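Protein chains: 2
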Amino acid sequence: MAVSVAAHVDGGRLWRRLMDLARFGATEKGGVHRLALSDEEIAARAELVRWGLAIGLEPATDPAANLFLRLRGREPDLPPLLVGSHIDSQPTGGKFDGAYGVIAALECAEAILGAGQRPRRSLEVVAWMNEEGSRFAPGMMGSAVFAGVRRMADIEPVRDRAGMSVRDALERVRAAEPDLPLRPLSFPAAGFLEAHIEQGVTLERTGMTIGVVTSIQGKRTFRVTVEGAESHAGTSRRAERRDALASAVDVVKALQAAIWDEADTVRFTIGQFTVSPNAPSVVPGRVEFSIDLRHDEATTVRALGDIIPEVCARARGPCEVSVRELLSDEPIAFPKTLRDRLAAAAGRLGFTHCELPSPAGHDSRYLSRHCPTAMLFIPCKDGISHNEAESISPADAEAGVRVLTEVAFELADADAVPGSTGGMTRL
Amino acid sequence: MAVSVAAHVDGGRLWRRLMDLARFGATEKGGVHRLALSDEEIAARAELVRWGLAIGLEPATDPAANLFLRLRGREPDLPPLLVGSHIDSQPTGGKFDGAYGVIAALECAEAILGAGQRPRRSLEVVAWMNEEGSRFAPGMMGSAVFAGVRRMADIEPVRDRAGMSVRDALERVRAAEPDLPLRPLSFPAAGFLEAHIEQGVTLERTGMTIGVVTSIQGKRTFRVTVEGAESHAGTSRRAERRDALASAVDVVKALQAAIWDEADTVRFTIGQFTVSPNAPSVVPGRVEFSIDLRHDEATTVRALGDIIPEVCARARGPCEVSVRELLSDEPIAFPKTLRDRLAAAAGRLGFTHCELPSPAGHDSRYLSRHCPTAMLFIPCKDGISHNEAESISPADAEAGVRVLTEVAFELADADAVPGSTGGMTRL
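If you're matching them up, the sequences are chains H and F in order.
Just so you know, the first sequence maps onto residues 1 to 427 in my numbering.
Just so you know, the second sequence maps onto residues 1 to 427 in my numbering.
Just chain H, same shape as in the assembly (with noise of 0.2 Å):
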């Protein structure tokens, strides 16, 4: 029965949906811009609602603003199977990234629906708050404050750069939805299944269609500051200088040498980098930039964040640097009960499919913590990602919702979940 299922996944529809979803925040190089919370994301919700309301799903949110879509079961007091992802994007995002998920589960249900079939829990189509973080940082939000890894009162207060606060974000998001009803956060879930792009080049070079997901690479985000004392550029002296860019620039060139790894397994990233005033003919009074650091063992990003402080602190020549720790996450992995489900379901289906690492972090990372969570992967062109070029194949896209149909269909249907949740398991 379930097989049969799965053939009612429509591809066509699929990608319909998925391309009829860039269109807001759509960028002129085919892109997305659609941060988190943000008028061109509230426009897409409302497009998820209209779709769900459509097929007969019930939507709601909750005060994280998190956006469910149910397909009610025969026994709707059991607690409901999750599967989505986000469709928050970055600044100069993809088509794909976060927004195939949603659109994947949104697809699976239709297709069950398609079979004539109904679940005995209910299957929630869920697009969690802000998980790129790049408008309100840290991201994952949504996904963070439903598991319970972080409170309302954490998130609230964080600002955006023109200086609005996610409290102020998600009230006008909620005049935006007078109609949806609103949930409690974190009502308790029977599990949780993400489907996404890699966002690497693995399935592309062995040539694999599905990726069963093993686990996912341990994060610690930073924002440093260097403060020196704005001068003029055409009277200080060199030596008389407190010069925050050419300070910042020594640390950065410290942290290299100290946290690059000639095998090349550590993610160092400072992909934000900040300078005031900002003037040609003023000599920079400050720069604020963030590090972004992964790697799949606990104790290589433990120690490896740890010495950040100390490296900073070395290499500020006049200037003052401090470095304030925004998110920990140690690497999860995903229970071994539902990868094999994943995996089986990829066979059956007749899709190559292997397991590998995710070096990404998405909102399975927080789901793990409350329900038993798996996620697959479908290839994306050249592993580019966040990015305006991130590009799938529409077989791809197809196949990945298939064994995504197959498998929630399964979850949803039996008497409980199988694996533990695997919020701290150490890898």
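It is worth saying that the hints were derived from the structure and are not from the lab.
One should not assume that every hint holds.
Covered stretches of chain F, as calculated for chain H (at least 3 residues, CB under 8 Å) [what the hints assert, rightly or not]:
| # | segment |
| --- | --- |
| 1 | 8 to 22 |
| 2 | 108 to 117 |
| 3 | 269 to 277 |
So the derived list for chain H, only partly shown, Cβ under 8 Å to chain F, looks like this [to be verified]:
| # | residue |
| --- | --- |
| 4 | G234 |
| 5 | R238 |
| 6 | R242 |
| 7 | L245 |
| 8 | V252 |
| 9 | A254 |
| 10 | T269 |
| 11 | S391 |
| 12 | S393 |
Computed from a predicted model, the values in this text were never measured in an experiment.
In this text, a Cβ means the ideal position worked out from N, Cα and C, and glycines have one as well.
For this one, chain H is given, so just place chain F on it according to the hints.
Same frame as chain H, but now just chain F:
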């Protein structure tokens, strides 16, 4: 008679006007944010016009939004003597850079009138448009166009970061000042005098009150663009990245190594540094930064500027780099005849004085190509400028205006202003 004119300088009135002008664009930390052609500057211009009208000066502007307040001379058809500076500021500038020279010129006119005098030629208080260049680069636009160094067509297309062009910004100013007569650009002038804060520590360290400026450093400015490729911070390996920030940091280090001199005579500043997309978990795809290079010697500024493209290309790593030169100004020297007048007046009035070069650029650089030009400096505390903490003493401010008034009246009342135009004079 000239000494009696200087005696009518009112230090209290001068200081009150300096403080009043600083209200336009006042920042919380006691500085000024009054970018060229901004609403704050438009309001400050209106206040200057009111002050001028109140003492009988005749306001006017020109197509470059240079602002003139004329004390009509006894022979108004003679080319006038110009006295002034600028009132635009850096984004976090101080109260005195530029503003001192304009308010000093106004006080100079009021002192002459207060003494019951009216010189042969008209004396024009002038505020040149966009000296700082922090909103629209490069700076000294108004004086450059007035002196014929640039054409209106060169400056009109320049845009600020919000995308507004100089052309549109000039139209906004013009619309706000419908009653100001419009004078032609580049009208003949008998001479130009500019009083300014030193923006260095020479006067303070040597205990001098008046600095007679001998020369202005040569200056070249550049814009460097480093193009890499955006990618995902969690997934892309270091070896695969084309990280524009990592390359830009290497380029900056290579430029420092090539340009910094042990004797610390070169002024080399990277004041603006902008990263795209500037998100914590995206490997930067593009960095743009400014270079401001100055030196007293024409050969040095020429040679160091010429090596920049090659040094950038050598250090670019896997990214592309391009270098565009925005400005190239040779060092200039002011005519000795005028310098001697300033020194003689300072001596007669009992102020300590010395000659010194100006490391910073000023509107006088371009005016010196149009008419005989001279500058005087007064001390500024700790040499701090282009900074909200910029500070001067009321006594020094008054001393500078007394010397300025003495010489301005002398020159405006003379048959001719001595001294050649010094535009291309080599040091």
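Status of the H:L245 interface restraint (C-beta, 8 Å, chain F): For H:L245, the interface hint holds, since the closest Cβ of chain F sits about 5 Å away, which is under 8 Å.
Coverage claim, chain H over the segment 108 to 117 of chain F, checked by counting residues with Cβ within 8 Å (three needed): violated (count 0)
Given hint H:V252 near chain F, where the shortest CB pair must fall under 8 Å: 5 Å, holds
H:G234 as an interface hint toward chain F, with CB separation required under 8 Å: 4 Å, holds
Restraint check, 8 Å cut-off on beta carbons, for H:S391 near chain F: Since chain F brings no Cβ nearer than about 14 Å to H:S391, farther than 8 Å, the hint is violated.
Hinted contact H:T269 with chain F - closest CB pair below 8 Å: 4 Å, holds
H:R242 as chain F interface residue, shortest Cβ-Cβ below 8 Å: Nearest chain F Cβ about 11 Å off; hint violated.
Interface hint outcome for H:S393 [beta carbon to chain F under 8 Å]: Check failed: Cβ of H:S393 comes no nearer than 19 Å to chain F, outside 8 Å.
Verdict on chain H covering the segment 269 to 277 of chain F, criterion of 3 CB contacts below 8 Å: Holds, because 9 residues of the segment 269 to 277 of chain F bring their Cβ atoms closer than 8 Å to Cβ atoms of chain H.
Given coverage of the segment 8 to 22 of chain F by chain H, tested with a Cβ cutoff of 8 Å and a minimum of 3 residues: Since three or more residues must qualify, the claim that chain H covers the segment 8 to 22 of chain F is violated, with 0 doing so at under 8 Å.
Interface hint for H:A254, Cβ within 8 Å of any Cβ on chain F: With a closest approach of 11 Å, the H:A254 hint is violated.
Restraint outcome when H:R238 is required to lie within 8 Å of chain F by C-beta distance: Cβ of H:R238 sits 5 Å from chain F, so the hint holds.
Of the numbered hints stated above, those contradicted by the structure are hints 1, 2, 6, 9, 11, 12, listed in ascending order.
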